Amino acid sequence: VQLQASGGGLVQPGGSLRLSCSGSGIIFSSYTMAWYRQAPGKQRESVAVISNSDSTNYADSVKGRFTISRDNAKNTVHLQMNSLKPEDTAVYYCKVSVTWALAYWGQGTLVTVSS
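For reference, each letter of the sequence shown is one residue, going 4 to 118 in the working numbering.
Treat the hints with care, since some could be wrong.
Estimated spans, in silico, between C-beta atoms of each pair [to be verified]:
#, residue 1, residue 2, range
1, Gln41, Gln15, 17 to 23 angstroms
2, Asp74, Ser19, 16 to 22 angstroms
3, Asp63, Gly17, 18 to 24 angstroms
27 angstroms max Cα-Cα, derived BS3-like pairs, lysine-lysine [claimed, not checked]:
#, residue 1, residue 2
4, Lys66, Lys88
5, Lys66, Lys45
6, Lys88, Lys45
7, Lys66, Lys77
Because the hints were derived from the structure by calculation, they are not lab data.
Note that the structure is predicted; figures quoted are calculated from it, not measured.
Glycine included, every Cβ here is placed at the ideal spot set by N, Cα and C.
Build the full structure now, drawing on both the sequences and the hints.
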């Protein structure tokens, strides 16, 4: 199983980015997918989750600004990030939860929000 996250970069405050996570060796539509982030000196935190029935959940800090979605035909999960703030700066990771004890992670993509 391999997950590949992409789409990070440098953006000004108020800007937008769209992260993508593509996978091989696993069918995303069967599982809960999530985006996490880890800022320097901080613990990794959950940002957005989408279940295999497409119900979603977001961290309070990103509600109304971020949207998680999946494209089953392309075996890809996206994170649309709008109205970005400097505090959104972090390495973003995608995760697929196969069971409560087994999960796979992507390699991370860096998002920097700065003027």
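* Asked: Is the hinted pair Lys66 and Lys77 satisfied, with a Cα-Cα distance of at most 27 angstroms?
  -> Roughly 26 angstroms separates the two Cα atoms, so the pair holds.
* Hint check for Gly17 and Asp63 - Cβ pair distance inside 18 to 24 angstroms -> Given a distance of about 20 angstroms, which is inside 18 to 24 angstroms, the answer is holds.
* To do: Quickly compare the C-alpha distance for Lys66 and Lys88 to 27 angstroms and report which way the hint goes.
  => 13 angstroms, holds
* CB-CB spacing for Gln15 and Gln41 relative to the 17 to 23 angstroms hint -> At roughly 22 angstroms between Cβ atoms, Gln15 and Gln41 fall inside 17 to 23 angstroms, so the hint holds.
* Hinted pair Lys88 and Lys45, Cα distance within 27 angstroms -> 17 angstroms, holds
* For the pair we were handed, Lys66 and Lys45, check the Cα-Cα distance against 27 angstroms. => Cα-Cα ~20 angstroms, so holds.
* Asked: Between Asp74 and Ser19, is the Cβ distance one that fits in 16 to 22 angstroms?
  -> 18 angstroms, holds
Comparing the model with each earlier hint shows no violations; every hint is respected.
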